[in-house]
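J.: Read off the chains here:
4 protein chains.
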Amino acid sequence: MPDAISELAARFRAVRAHSEALAAPLSPEDQQLQAMPDASPTKWHLAHTAWFFEAVVLAPHAPGFRPYDERWARLFNSYYESLGPRHPRPQRGMLSRPSLDEVLAWRRVVDAGVAAFIAEADADTRAAAFPLIELGLHHEQQHQELMQTDILAALALNPLAPAACPGEPSPWPAGVDGWLGFDGGEAEIGHAGAGFAFDNETPRHRVRLEAYEIARRLVTNAEYQRFVDDGGYRRAALWLSDGWAAVQSQGWTGPLYWRDDGSEFTPHGPRPRAPQAPVRHLSFYEAAAYAEWAGARLPTEAEWEHAASSASPPSQCFGALWQWTRSSYEPYPRYRPWAGAVGEYNGKFMVGQIVLRGSSFATPPGHARASYRNFFPPGARWQFSGLRLARDA
Amino acid sequence: MPDAISELAARFRAVRAHSEALAAPLSPEDQQLQAMPDASPTKWHLAHTAWFFEAVVLAPHAPGFRPYDERWARLFNSYYESLGPRHPRPQRGMLSRPSLDEVLAWRRVVDAGVAAFIAEADADTRAAAFPLIELGLHHEQQHQELMQTDILAALALNPLAPAACPGEPSPWPAGVDGWLGFDGGEAEIGHAGAGFAFDNETPRHRVRLEAYEIARRLVTNAEYQRFVDDGGYRRAALWLSDGWAAVQSQGWTGPLYWRDDGSEFTPHGPRPRAPQAPVRHLSFYEAAAYAEWAGARLPTEAEWEHAASSASPPSQCFGALWQWTRSSYEPYPRYRPWAGAVGEYNGKFMVGQIVLRGSSFATPPGHARASYRNFFPPGARWQFSGLRLARDA
Amino acid sequence: MPDAISELAARFRAVRAHSEALAAPLSPEDQQLQAMPDASPTKWHLAHTAWFFEAVVLAPHAPGFRPYDERWARLFNSYYESLGPRHPRPQRGMLSRPSLDEVLAWRRVVDAGVAAFIAEADADTRAAAFPLIELGLHHEQQHQELMQTDILAALALNPLAPAACPGEPSPWPAGVDGWLGFDGGEAEIGHAGAGFAFDNETPRHRVRLEAYEIARRLVTNAEYQRFVDDGGYRRAALWLSDGWAAVQSQGWTGPLYWRDDGSEFTPHGPRPRAPQAPVRHLSFYEAAAYAEWAGARLPTEAEWEHAASSASPPSQCFGALWQWTRSSYEPYPRYRPWAGAVGEYNGKFMVGQIVLRGSSFATPPGHARASYRNFFPPGARWQFSGLRLARDA
Amino acid sequence: MPDAISELAARFRAVRAHSEALAAPLSPEDQQLQAMPDASPTKWHLAHTAWFFEAVVLAPHAPGFRPYDERWARLFNSYYESLGPRHPRPQRGMLSRPSLDEVLAWRRVVDAGVAAFIAEADADTRAAAFPLIELGLHHEQQHQELMQTDILAALALNPLAPAACPGEPSPWPAGVDGWLGFDGGEAEIGHAGAGFAFDNETPRHRVRLEAYEIARRLVTNAEYQRFVDDGGYRRAALWLSDGWAAVQSQGWTGPLYWRDDGSEFTPHGPRPRAPQAPVRHLSFYEAAAYAEWAGARLPTEAEWEHAASSASPPSQCFGALWQWTRSSYEPYPRYRPWAGAVGEYNGKFMVGQIVLRGSSFATPPGHARASYRNFFPPGARWQFSGLRLARDA
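Chains as they are written, first to last, in this note's numbering: chain V, 1 to 393; chain X, 1 to 393; chain Z, 1 to 393; chain A, 1 to 393.
Source of the hints: derived by calculation from the structure; they are not laboratory data. Any given hint could turn out to be false.
In silico negatives: residues of chain A with every beta carbon more than 12 angstroms from chain Z [to be verified]:
| no. | residue |
| --- | --- |
| 1 | P2 |
| 2 | Y68 |
| 3 | A127 |
| 4 | E134 |
Just the calculated beta-carbon pair ranges, DEER-fashion [stated by the list, open to error]:
| no. | chain 1 | residue 1 | chain 2 | residue 2 | range |
| --- | --- | --- | --- | --- | --- |
| 5 | Z | G262 | A | Q250 | 44 to 52 angstroms |
| 6 | Z | A119 | A | G231 | 39 to 47 angstroms |
| 7 | Z | A17 | V | P37 | 53 to 61 angstroms |
| 8 | Z | E70 | X | M36 | 27 to 35 angstroms |
| 9 | Z | G262 | A | S309 | 18 to 26 angstroms |
Note that CB positions come from ideal geometry on N, CA and C, so glycine has one too.
All chains, full assembly: derive it from the sequences and hints.
T.: Structure follows, in C-alpha cells:
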C-alpha cells in the first residue's frame with residue numbers, strides 16, 4: 001500500500017511536470033492565444049488542470065480545503081454544469097489575468113496540496129479520492145495533447161509561421177504494407193479488469209463482426225497526394241454530403257496544414273512533407289472521401305479494437321496518429337456515466353461526434369490503450385488525426 | 001406478368017394522385033412557401049417528383065424521350081450531383097415560375113409518359129426500369145410526408161395560424177401501458193427477401209443485443225408536460241451537451257408547436273393537446289433529455305426493429321409518430337449503395353444524422369415496414385417525431 | 001371646394017388602380033415572393049397600402065369605422081411602432097394568407113370606404129383628414145416603385161429569368177453631353193409653398209454652395225463598361241473603404257443585373273445593354289468609385305437640387321434613374337417630423353442612409369419634384385439607381 | 001531652423017515615450033488582447049506606430065534605409081492598400097510573435113533612425129519629410145487614445161475586472177449649467193493657417209447656420225440615469241430606427257460599462273458612477289435617443305465648432321469626452337486627400353460614420369483643436385464618448 005501511495009505521488013509529480021515542460025518553450029503571449037472557440041490557450045490548459053484537482057479531488061475530499069482564489073473557478077471550469085457557472089468558451093483567450101506567473105504559482109500550491117493529501121489521507125479517503133486523482137492525471141494527459149494541437153492552430157495563423165517546439169521532429173514509426181484479415185463472428189470490446197479507463201470504454205461487451213480486412217499501416221502523404229492530384233477535392237461523388245458542403249464552404253484543397261510549397265506546418269514550424277509519413281490533420285470527411293476513392297472504407301471502432309487487441313496487430317496503432325473510424329460516438333450497451341460531477345466527463349458528448357482510435361505522437365506515454373475512445377466532430381482537422389483503411393473480406 | 005404490369009400501373013396512378021390530393025386544399029400561394037432551407041415548397045415537391053421519373057426512369061430507359069422543359073432539371077434536381085447543377089436549396093421558395101398550373105400540366109405529361117412506358121416496355125427494359133419506377137413511387141411517398149411537415153412549418157409562421165387540411169384529425173391509435181422484455185443474444189435486422197426496400201436497409205445482418213425492455217407505447221403529451229413542469233428545459237444535467245446548447249441558443253421551452261394556451265399547431269390548425277396522445281415535434285435532443293429524466297433511455301435501432309418484428313410487438317410502432325432511436329445513421333455491415341445516380345439516394349447522408357423508426361400518421365399507406373430507416377439531424381423538430389422509451393433488462 | 005373633393009376622389013381612384021395594374025401581369029405565386037429582408041412581396045405592398053388608409057385615415061377619422069379584419073394590422077403594419085406590433089419584416093414572404101384574392105377584396109372595401117369618406121366628411125374632418133389621404137396617395141406611389149424593384153429582385157433569382165412586365169421597355173430619354181456650371185454663394189433648398197411634400201423636404205432653408213459643375217446627363221452603360229474594363233472592381237484605391245469591403249465580401253464585378261452575355265436583367269426580362277442608356281442598379285459605393293475613376297465626384301444633394309431647380313436644368317433629372325448624391329440623409333435645419341403616427345414616416349431613418357435625388361422611369365407620374373429626398377443604404381443596388389457626376393468649379 | 005529641428009526631435013521623443021508609458025502597467029499577456037475586430041492589441045498599436053514611421057517617413061526619404069524585419073510590414077500595416085498586403089484585422093490578437101520585447105526593441109531602432117534622420121536631413125528632405133514626421137506624431141497620439149479604449153474593452157471581458165491603470169482617476173473638469181445662444185448666418189469652419197491639421201479638417205469654408213443654442217456642459221450620469229429610469233431603453237419612439245434595432249438585438253439597457261451595482265468599469269477598474277460626471281461610453285444612437293427624450297437634439301459639427309471657437313465657448317469642449325454630433329462624416333467642399341499613401345488616412349472612411357468633436361480625458365496633450373473631426377460608426381460604444389445637447393433658437 002505505501003508503495004501504491006508513493007507510486008501515485010511520483011506519477012502525479014511526473015504528469016504535472018510534463019504539462020509545464022510542454023509549455024516551457026512558449027512565451028506568455030503565445031500561451032494567451034486562442035485560435036478558435038474549440039481551442040484553448042496554453043495558459044488556460046495549465047490553469048484548468050489545476051482547477052480540476054481543486055474542484056474534483058481537494059474540495060470534496062481534503063479537510064479544510066480552501067481554493068487558491070475562489071473567483072477563478074468560473075474562469076477555468078470547462079463544461080461542468082454541476083460545478084457552477086463558466087466563462088464563455090470562445091472568450092478564454094481574453095483572460096490575460098491571472099497571468100502565466102500567477103497560474104504557475106497556483107499550480108505549485110495545488111501540487112503541494114495534492115502531494116500532502118496523497119501522503120496523509122486515511123484509508124477511507126484514499127478509497128474515495130485516489131481514483132479521482134487517477135482521473136485527474138489522465139485528464140491532464142488529455143490536455144497535454146490538446147495543448148499541442150491548440151497552440152499549433154494558433155501559431156498557424158501567424159504569417160511568420162513560428163515553431164511551438166524547438167529542434168526537429170522524431171522520425172515516424174515505420175509502417176508495414178498490406179492487409180490483415182479477421183474472421184467474422186462474435187468479439188468483445190471495451191475495457192475490463194484493472195487499470196484505468198474512462199467510463200465511455202465500459203462495460204466490456206460482445207459485438208458481432210463480419211469478416212474484414214484492415215490495413216497494416218496508415219495512409220501516407222504520398223498516397224494522399226495522389227488523391228489530391230486525382231481531383232479528390234473536386235469530385236462530389238467521393239464525398240459524404242456534409243463533407244462536400246465543407247469542402248465548398250471552407251475552400252478545402254488539401255489537409256489543414258499543407259502549404260503550397262510542398263511543406264506542412266508542424267510543431268517544429270514548416271517542414272517538407274515526408275512521402276512515407278502518415279498524412280495528418282484530416283477531418284473525418286476527408287478520411288472517408290479518401291477511403292471511397294481508394295475503393296475501401298474506414299474501419300468501425302469495433303473492427304479497429306479487435307485488430308489492435310489481436311495477437312499480431314497492425315503497425316502504427318499507437319504513437320503515430322489518431323485514426324478516424326466509421327463509428328459515431330455512442331454509449332456502449334449498459335453504459336453508465338460515473339457518479340457525481342465527473343459524470344459530465346464523457347457521456348454528455350455522445351452525439352454529433354466520430355470516434356478516433358489509437359494515439360498520436362503527441363499522446364503522453366502511458367495514456368494509450370486499445371479500448372480508448374477519442375472523439376471529435378466530423379469536420380475537425382486540427383487534431384493529430386490520420387486514417388487507416390479497412391474493407392469487407 | 002401482365003398482372004404485375006397492370007398492378008404497377010395502378011399503383012403508379014394511385015401514388016401520383018395522392019400527392020395531388022394532399023396539395024389540393026392549398027392555394028398556389030401556400031404551395032410557394034419555404035419555411036426554412038431544410039423544407040421545400042409544396043409545388044417544388046410536386047415538381048421534383050415529376051422530375052425524378054423523368055431523370056431516373058424515362059431519360060435513361062424510354063426510347064425517344066424528350067424532357068418536358070430541359071431548363072427545369074436544374075430547378076427540381078434535389079441533390080443528385082451526378083445529374084447536373086442544382087438551384088440552391090434555400091431558394092426553392094423563390095421559384096414562382098413555373099407556376100403551379102404548369103407543374104400540374106407537367107405531371108400530366110409525365111404520368112402519361114410513364115403509363116405508356118409501363119405498358120409498352122419490352123422484357124429487358126422492364127427488368128432494368130421497373131425497379132426504378134418502384135423506387136420512384138417510394139420516393140414520391142417520402143415526399144408526401146415531407147409535403148405535410150413542410151407546409152406545417154410554413155403555415156406556423158403565419159400569425160393567422162391557417163390550417164393546411166380541412167376537417168378534423170383522426171383520433172390516435174390507442175397506446176398500451178407497460179414494458180415488453182427481450183432477451184439478449186444474436187438477432188438479425190435489415191431487409192431481406194422480396195418486396196421493396198431502400199438500399200440503406202440492407203444487407204440483413206446479425207447484431208448482438210443485450211437483454212432490454214421497450215415501452216409498449218409512445219410517451220404522451222401528459223407525460224411530457226410533467227417533464228416540462230419539472231423544469232425539464234431548465235436543467236442542464238438532463239441534456240446532452242449539444243442539446244443544452246440548442247435549448248439555450250434557440251430558446252426552447254417545449255415541443256415545436258406547443259402554444260401557451262394549451263393547444264398545439266397541427267395540420268388542422270391549432271387544436272387542444274390531447275393528454276393521452278403521443279407527444280410530437282420533438283428533436284432527438286428533447287427525446288433523449290426526456291428519457292434521462294424518466295430514468296430510461298432511447299432504444300437503439302436494432303432493439304426497436306427486433307421488438308417491432310417480434311411476434312407480439314409493442315403498440316404504436318406504425319401510424320402514430322416516427323420514433324427517435326439512440327442510433328446514428330451509419331452504413332450496415334457490407335452496405336453497398338445502389339448503382340448509378342440513385343446511389344446518391346441514401347448513402348451520402350450517413351453522417352450527422354439520427355435514425356428514426358416506425359412511421360407516422362402522415363406516412364402514406366404501404367410505405368412503412370420494420371426495417372425502414374428514417375433519419376434527420378438531432379436538432380430537427382418539424383417532422384412528426386415522438387419517442388418511445390427503453391431500458392436495460 | 002366640391003371641385004377639390006371630386007379631384008381628390010378621382011386621384012384616389014387613379015392611384016389605387018395603378019397599383020393593381022402594376023401587379024396584374026404577376027401570378028399569385030409571383031406576388032408572394034420576397035427576395036430578401038429589405039424587399040417585400042407584391043401582395044404585401046397591395047395589402048400594406050390598404051392598411052395605411054385604414055390605420056391612418058379611416059380609423060382615426062371615419063365615424064363608426066371597423067377594420068376589415070382586425071388580425072391583419074399586425075401583418076401589414078410596416079414599421080409604425082406607435083400603431084402596434086408587427087410581423088417580422090424578413091418573413092413577409094411567409095404570409096400566404098390572406099390570399100391575393102382576399103387582399104384585392106379588402107382593397108375594394110377600403111376603396112369604397114375612403115370614397116364615401118371623401119364624399120361625406122364635414123369641413124372640419126376634411127381639414128384634418130384630407131392631408132392624410134394625400135399622404136396615403138404619395139405613400140402608395142412610393143410603394144408602386146418598390147413593387148417594381150422588389151419583384152425584379154425576386155425574379156432575378158429564378159434561373160428562368162422571367163419578365164415582370166410584358167412587352168418592351170420605353171426608349172430612354174435622350175441625354176445631353178457636357179457640364180453645367182453654377183456660381184458659389186447662398187442658395188435655398190427644400191420645399192415651401194403649396195403642393196404636397198414629405199416632412200423630410202422641409203423647411204426650406206438657406207445653404208452655402210461653392211462654385212461647381214454638374215454633368216448634363218447620367219453616366220451611361222458604355223462609360224461604366226470602360227470603368228469595369230479598366231479594372232474598376234479590382235483597384236482598391238478607387239473605393240471608399242466600406243465599398244471595397246463590399247466588393248470583396250459580395251464578389252461584385254459589375255452592376256447588380258449585368259449578365260455575362262452583355263445583357264442585363266430588366267422588368268421585361270434580359271435585354272441587351274444599350275450603350276447610351278444610363279447605367280443602373282448601382283450602389284452608392286459603385287457610384288462613388290466610378291466618380292473617383294472619372295476624376296470627378298458625386299454632387300451633394302444641395303448642388304443637385306439647386307441645379308435641377310434652375311432655369312436651365314440638366315437633362316435626365318427626372319424619369320430616368322434615381323441619382324446617388326454625396327449627402328447622408330440627415331434632418332434639415334429646424335426639421336420637425338409630422339405629428340402623430342406618421343411622424344415615424346421619415347425622421348427615424350435619418351442615419352446610415354444616403355440621399356438619392358430625381359426620379360426613375362418607374363416613378364409614377366406626379367410623384368417627382370426637385371426637393372424630393374429618396375434614401376437607401378450605401379450598399380443597396382436593387383433600386384433603379386444611377387449616377388450623375390459633379391466637380392468643383 | 002535648428003530650433004525647429006531640435007523642437008521636432010524633442011517632441012518625437014516625448015510622444016514616442018508616452019506610448020510606452022501608457023503600455024507600461026500592462027503585462028505582455030494584457031498587451032496581446034484583442035476584444036473585437038474593431039479593437040487592436042496594445043502591442044499591435046506599439047508596433048503599428050513603429051511601422052508607420054518606417055513606411056511613411058524612412059522608407060521613402062531616408063537614404064539606405066532597410067526595414068528592421070521586412071516580414072513585419074504585412075503584420076502591422078493597418079489599412080494602407082497602396083503599401084501592400086495586410087494581416088486580417090480580426091486576427092491581430094493572434095500575433096504572439098514578434099513578442100513585446102521584440103516590438104520594443106524595434107521601436108528603439110526606429111527611434112534612433114528617425115532621430116538621426118531629423119538631425120541629418122538636408123533642407124529639401126526636411127521640406128518633404130518633416131510634415132510626414134509631424135503626421136506620424138499625430139498618428140501615434142491617435143493610437144495612444146485607442147490603446148486606452150481598446151484595452152478597456154478587453155479587460156471588461158474578464159470577470160476579474162482588472163484595471164488597466166494603477167491609481168485613481170483625475171476628478172472631472174467642472175461643468176457649467178445652462179445654454180449658450182448663437183445667431184444664425186454665415187460662419188466659417190475648418191482648419192486654416194499654420195499648425196498641424198488632418199486633411200479632413202480642410203479646407204476652411206463657409207457654412208450657413210440657423211440660430212441655435214448649445215448646452216454649456218455635457219450630459220451627466222445623473223441626467224442619463226433619469227432617462228434610463230424613465231424607460232429610455234424600452235420606448236421605441238425615442239430612437240432612430242437603427243438605434244432601436246441595436247437596443248433589441250444587443251440587449252442594451254444602459255451605457256456600455258455600467259454595472260448593476262451602480263458602478264462603471266473604468267481604466268482604473270470598477271468605480272462608483274459620479275452623478276455629476278459626464279456620462280460616457282454611449283453610441284450615437286443612445287446620444288440621439290437621450291436628446292429626443294430631453295426635448296433637444298445633438299449639435300451639428302458646424303454648430304459645435306462655431307461655438308467652441310467663439311470668444312466664450314461652452315465648458316467641457318476638451319479634455320472630458322468626445323461629443324457625438326448630428327453630422328455624418330463627409331468631405332468638406334473642395335476637400336482633397338493628401339497625396340501619396342497617406343491619402344488613405346481619412347478620405348476613404350467618409351461614409352457610414354458619425355463625427356465626434358472635442359477631445360477626451362485620454363486624448364494626449366496637444367492633440368485637440370476646435371476643427372478636429374473624430375469619427376466612429378453610430379453603434380460604437382467603446383470610445384470615451386458622451387454628448388452635449390443643442391436646440392433651435
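J.: Quick check: which numbered hints come out false for this structure?
T.: 9
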